[in-house]
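Protein chains: 2
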Amino acid sequence: MAELTKPTIGFIGLGAMGQPMALNLLRAGYPLVVYNRTPERSKALSAAGAQVANSPATVAHQAEIVITMVSDSAAVEIVILGDNGVIEGLQTGSVVIDMSTIAPKVTQKIAAKLAERDVAMLDAPVSGGVAGANGGSLSIMVGGEAAVVARCLPILQTLGQKITHVGAVGMGQNTKLCNQIVGMGTLAAVAEGLRFARASGLDVTQIIEVLGAGAAGSWQLANTGKLIDAQDWRPGFRVALALKDMRLALTEAEQLGLDLTGTETTTDMFERLVRSGAGELGVQALGAQELNEKGSPWTA
Amino acid sequence: MAELTKPTIGFIGLGAMGQPMALNLLRAGYPLVVYNRTPERSKALSAAGAQVANSPATVAHQAEIVITMVSDSAAVEIVILGDNGVIEGLQTGSVVIDMSTIAPKVTQKIAAKLAERDVAMLDAPVSGGVAGANGGSLSIMVGGEAAVVARCLPILQTLGQKITHVGAVGMGQNTKLCNQIVGMGTLAAVAEGLRFARASGLDVTQIIEVLGAGAAGSWQLANTGKLIDAQDWRPGFRVALALKDMRLALTEAEQLGLDLTGTETTTDMFERLVRSGAGELGVQALGAQELNEKGSPWTA
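Here the protein sequences come in this chain order: A and B. Counting from 1, one number per residue, gives the positions in the first sequence under the numbering used here. Counting from 1, one number per residue, gives the positions in the second sequence under the numbering used here.
If you're looking for bench data, these hints aren't it; they were derived computationally from the structure. From a predicted model like this one, the values you see are computed outputs, not experimental measurements. A virtual CB, placed ideally from N, CA and C, is assigned to each residue, including glycine. Do not rely on the hints blindly, as some may be mistaken.
One-sided and incomplete, this derived list gives chain A residues near chain B with beta-carbon spacing under 10 Å [as the list claims (entries may be wrong)]:
no.: 1; residue: Thr-92
no.: 2; residue: Thr-186
no.: 3; residue: Val-190
no.: 4; residue: Phe-196
no.: 5; residue: Ala-213
no.: 6; residue: Thr-224
no.: 7; residue: Gly-225
no.: 8; residue: Ser-276
no.: 9; residue: Gly-279
no.: 10; residue: Gln-289
In isolation and in its complexed conformation, chain A is listed as follows (with noise of 0.2 Å):
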């Protein structure tokens, strides 16, 4: 069944990924209410037919839905229960989505806040960086309750190609914690592998294809390989906010009692290009040689 008339969005934070994520929902016909903290990021929507708000509480109030896509924990708090935050200006009933990565600890706080004044919350953080949103190809993991979920689905469809609806609020944001653990840890094995290949006088692109057939093959290796195999240390994902996701995991993981000691080592492997100063570059830098070997001052 075709919908009649879509609900306007409020979409707050138009970083790297929220402005192609908001742009996606303009161009899908939602009309759209926008606002970020630096006022010049609105222009682009604006131009674009969105409306600009000029506090997330202006937002919430016009918007149905409201999408929130910020830096961390503390950013998405100060958004939505701060002063003239989200909570301010919602109607009962409507929803706020957050899609930022941040402690599902928090994202648990701020919906039981939200459901004191009957607004449920969805927390959907994704994968697929800027690309992803760009293409609308991001993969979105969901936390919240199932008619929700349900009823923000074409939302998130415009947003994402696979979405999962992985269990109560707070495990969007606990998958998308496992996926940077197993991702950055796969990428930090595939940059060790990588550096033994090229020092030991193998070539890299040959043991890229050969391992990659086997036992040893990854979506890290076959992509983020390449890029170590290129030494082409540019930014997707770069390390600084990497290095943010691996400390939230190992925050959470001390919470649940869990000794995730490889976790650690890549989270300090990130930490010591960010001191070298490479925290701007691409996280497939943990296979440059001369920083690991030399920890000389870096540059891109």
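Once you have looked at the hints, place chain B on chain A.
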């Protein structure tokens, strides 16, 4: 062009891998002479039509191609260069193919000794485990001179499905170590991610599927991950053997001047399992919650 006569092959080392590999050669019509330190292991081969020799030297005396498949660097040195070793029986123009996983430096030392007798050497370690050995579907990473590789290719193709010539003598071993660094490091990441998933209340089966479709996907997640999900710790590839390979990789990395902190941590994880009595379990035991958190004595 069909081969008119097949060369006689000597096969030394009839363990879990060597026995099915030798049987595959016999079934393919190669005249076979075998030797194993523990003579009982030769019985199945003898029953299938292989000649049984009483020393590596005797094997070499009767064979044009000698394959070794033993446990470690020391064992390869003993069977090839030791008393009554292969080198004492070899004829000029024959070839030694070492398919064990050993230190590349030891491979190069043995190759140099054999070259003094006009005997060529290939290092051809494998991946694919006992299942691959049984099915003749191993991946074989070959170091050595191209002409020698070409001469031995039909034999290698009897044992494996994917044969890759990766460079000079020793490079097969470097490729195998690279494969273990990446494969076991990837598994460590999968193990910690799935432990996190389970502890946070996620559905591990669903997480394997969701993560597998994106940038966290790998052979280890799709295959070994299923064993972790099922809490099935029975061996395929054993923890004790993985530890041996990881230690080899770290020794070689040190000689190359590489600092592989992730690989060190993965090695520590395997060491901890061995200390807990889990050395004979499959490598997927890295994902066992109880063992990792309680460090309690382990029962399979």
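Have a go at the Thr-186 of chain A hint: is there a Cβ in chain B nearer than 10 Å to its own Cβ? 5 Å, holds
Interface hint for Ala-213 of chain A, Cβ within 10 Å of any Cβ on chain B: 6 Å, holds
When the nearest CB of chain B is found for Gly-279 of chain A, is that gap smaller than 10 Å? 18 Å, violated
Would the hint on Thr-224 of chain A stand, with a C-beta cut-off of 10 Å toward chain B? 8 Å, holds
Interface restraint verdict for Thr-92 of chain A against chain B (beta-carbon cut-off 10 Å): 30 Å, violated
Go through the hint on Val-190 of chain A and say holds or violated, using the shortest Cβ distance to chain B against 10 Å. 6 Å, holds
Per the CB criterion, is Ser-276 of chain A less than 10 Å away from chain B? 14 Å, violated
Can you verify the interface hint for Gly-225 of chain A: is its Cβ closer than 10 Å to any Cβ in chain B? Holds, because the Cβ-Cβ distance from Gly-225 of chain A to chain B comes to roughly 9 Å (cut-off 10 Å).
Proposed interface contact between Phe-196 of chain A and chain B, which counts if any beta carbon pair is under 10 Å: 5 Å, holds
Holds or violated: is the Cβ of Gln-289 of chain A closer than 10 Å to a Cβ in chain B? 8 Å, holds
In the structure shown, a violation is registered for the earlier hints numbered 1, 8 and 9, in ascending order.
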